[in-house]
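Chemist: Listed below, chain by chain, are the residues.
Protein chains: 2
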Amino acid sequence: MPKITVLRLGHRFSRDKRISTHIALVSRAFGADELVFDEEDKDVAESLSRVCKEWGGKIKISFIKNWKKYIEDYKGDIIHLTMYGLNINEKIKEIKESKKDKLIIIGGQKVPSEIYGLATYNIGIGNQPHSEVAALAVFLDRYHEGKELTKDQKGKKRIIPQAHGKKVEKTSI
Amino acid sequence: MPKITVLRLGHRFSRDKRISTHIALVSRAFGADELVFDEEDKDVAESLSRVCKEWGGKIKISFIKNWKKYIEDYKGDIIHLTMYGLNINEKIKEIKESKKDKLIIIGGQKVPSEIYGLATYNIGIGNQPHSEVAALAVFLDRYHEGKELTKDQKGKKRIIPQAHGKKVEKTSI
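Chain order of the listed sequences is A and B.
Here the numbering used here is used: the first residue of the first sequence is 1, the next is one more, and so on.
Here the numbering used here is used: the first residue of the second sequence is 1, the next is one more, and so on.
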């Protein structure tokens with residue numbers, strides 16, 4: 001299976017803390033293997049670590065200083081999610097057929113224009129403004145064909161899905 | 001076509017402003033017809049209105065005081081997105097087959113427990129903690145089978161999707 005890394009660029013602290021936390025939790029829940037930020041933010045790392053301790057999963061988080069070098073050195077398909085890119089409906093088949101590792105770049109409005117050239121694919125989850133959290137989730141859901149949503153994350157707690165109500169089981173892990 | 005309304009409960013202002021804005025933009029971009037909040041927030045309404053003026057679309061936004069009455073009076077399928085619910089992979093076919101209007105409830109951790117009983121369906125976009133923005137986007141993407149991502153929103157500006165770079169066209173609207 002190709003390894004999936006999510007690179008979140010341009011995180012601005014107080015303003016983006018919750019958005020970055022959502023990106024981290026979506027990366028974990030939708031089957032990414034690694035998450036990379038270009039700015040260190042301990043709160044986001046702690047939120048993710050707390051969720052992994054309780055609910056399982058082994059996603060790795062790291063912080064880098066030089067995003068450009070990181071992208072240039074990356075071996076695999078570089079997929080930049082942007083509303084200016086080619087529509088996912090047309091490109092997802094081709095992306096899935098490539099067995100290379102995947103770097104998914106989530107930028108936002110202020111993304112440096114070089115990224116468009118460095119990316120193997122610039123992909124629009126539609127071509128309307130919405131949300132980097134939504135874009136990442138829909139991309140990963142399409143990429144994994146929904147299979148990530150039934151994966152056992154082997155945590156201390158596990159939800160037993162209910163038609164009405166909440167049921168959480170403690171596991172022996 | 002069934003009408004789709006998104007009800008966002010428990011928006012807490014400063015903390016949730018950006019998350020609520022993402023929910024509003026996702027509702028628009030992924031084909032909801034109406035968005036309802038249980039707390040008035042002019043900033044969120046203005047962000048959405050600004051995007052609609054520029055990029056088109058006619059999603060209606062409103063604020064209500066009594067969410068419980070609103071839900072009880074709703075005629076149609078009530079779909080509460082929650083990680084405790086039945087997995088979307090198992091239920092999406094049944095939900096799509098019903099031709100009734102749809103109320104999609106996005107709550108979050110502090111959602112009142114009555115909602116689980118009032119909902120026709122409690123649906124997990126997976127059964128792991130992640131993001132209400134992601135949950136809404138994936139639900140609507142699955143519900144519309146991706147078709148909303150190519151819809152012409154008839155705005156003043158339109159993106160011409162590019163493999164590399166940005167191209168925006170002014171329309172005659």
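Honestly, the hints are just simulated from the structure, not real lab data.
Be aware that one or more of the hints could be misleading.
Claimed, not checked - To give an idea of the interface, some chain A residues facing chain B are shown, with a C-beta separation under 8 angstroms as derived from the structure: (1) His22; (2) Ser49; (3) Val51; (4) Ile61; (5) Ser62; (6) Asn122; (7) Asn127; (8) Pro129; (9) Thr150; (10) Gln162.
Stated by the list, open to error - What follows is a set of in silico ranges between Cβ atoms, one per label pair, in the way DEER data are often shown: (11) B:Lys42 to A:Asp152: 53 to 61 angstroms; (12) A:Lys167 to B:Glu94: 18 to 26 angstroms; (13) B:Thr171 to A:Glu90: 15 to 23 angstroms; (14) B:Glu72 to A:Glu72: 51 to 59 angstroms; (15) A:Lys154 to B:Lys42: 25 to 33 angstroms.
The model shown is predicted, which means the values in this text are computed figures rather than measured ones.
Don't be surprised by glycine CBs; every beta carbon is placed ideally from N, CA and C.
Chemist: For each hint, tell me whether it holds in the structure or not.
Modeler: These are the hints, each one checked on the structure:
The restraint placing His22 of chain A at the interface with chain B holds, with a minimum CB-CB distance near 4 angstroms, inside the 8 angstroms limit. With its C-beta approaching chain B no nearer than about 13 angstroms, Ser49 of chain A sits outside the 8 angstroms limit, and its interface hint is violated. Taken as an interface hint, Val51 of chain A checks out: its beta carbon lies about 6 angstroms from the nearest beta carbon of chain B, inside 8 angstroms. Checking Ile61 of chain A against chain B by beta carbon gives a least distance of about 15 angstroms; that is not within 8 angstroms, so the hint is violated.
The beta carbon of Ser62 of chain A is not positioned within 8 angstroms of any beta carbon in chain B (closest approach about 20 angstroms), and the interface hint is therefore violated. Hint status for Asn122 of chain A relative to chain B: holds, with the closest Cβ pair at about 6 angstroms, below 8 angstroms. Nearest Cβ of chain B to the Cβ of Asn127 of chain A: about 4 angstroms, under the 8 angstroms cut. The hint holds. For Pro129 of chain A, the interface hint holds, since its Cβ comes within 8 angstroms of a Cβ in chain B; the closest pair sits about 6 angstroms apart.
This hint holds: Thr150 of chain A has a C-beta 6 angstroms from the nearest C-beta of chain B, less than the 8 angstroms allowed. For Gln162 of chain A, the interface hint holds, since its Cβ comes within 8 angstroms of a Cβ in chain B; the closest pair sits about 6 angstroms apart. Distance hint check: the CB atoms of Lys42 of chain B and Asp152 of chain A are about 44 angstroms apart, inconsistent with the given range 53 to 61 angstroms. Remark: the range hint 18 to 26 angstroms for Lys167 of chain A to Glu94 of chain B is upheld by a beta-carbon distance near 21 angstroms.
At about 22 angstroms, the beta-carbon gap between Thr171 of chain B and Glu90 of chain A stays in the expected band of 15 to 23 angstroms. Take Glu72 of chain B and Glu72 of chain A: their Cβ atoms lie about 57 angstroms apart, and the range 51 to 59 angstroms holds. Between Lys154 of chain A and Lys42 of chain B the C-beta distance comes to about 45 angstroms, which lies outside the given range of 25 to 33 angstroms.
Checked against the numbered hints given earlier, the structure breaks hints 2, 4, 5, 11 and 15 and satisfies all the rest.
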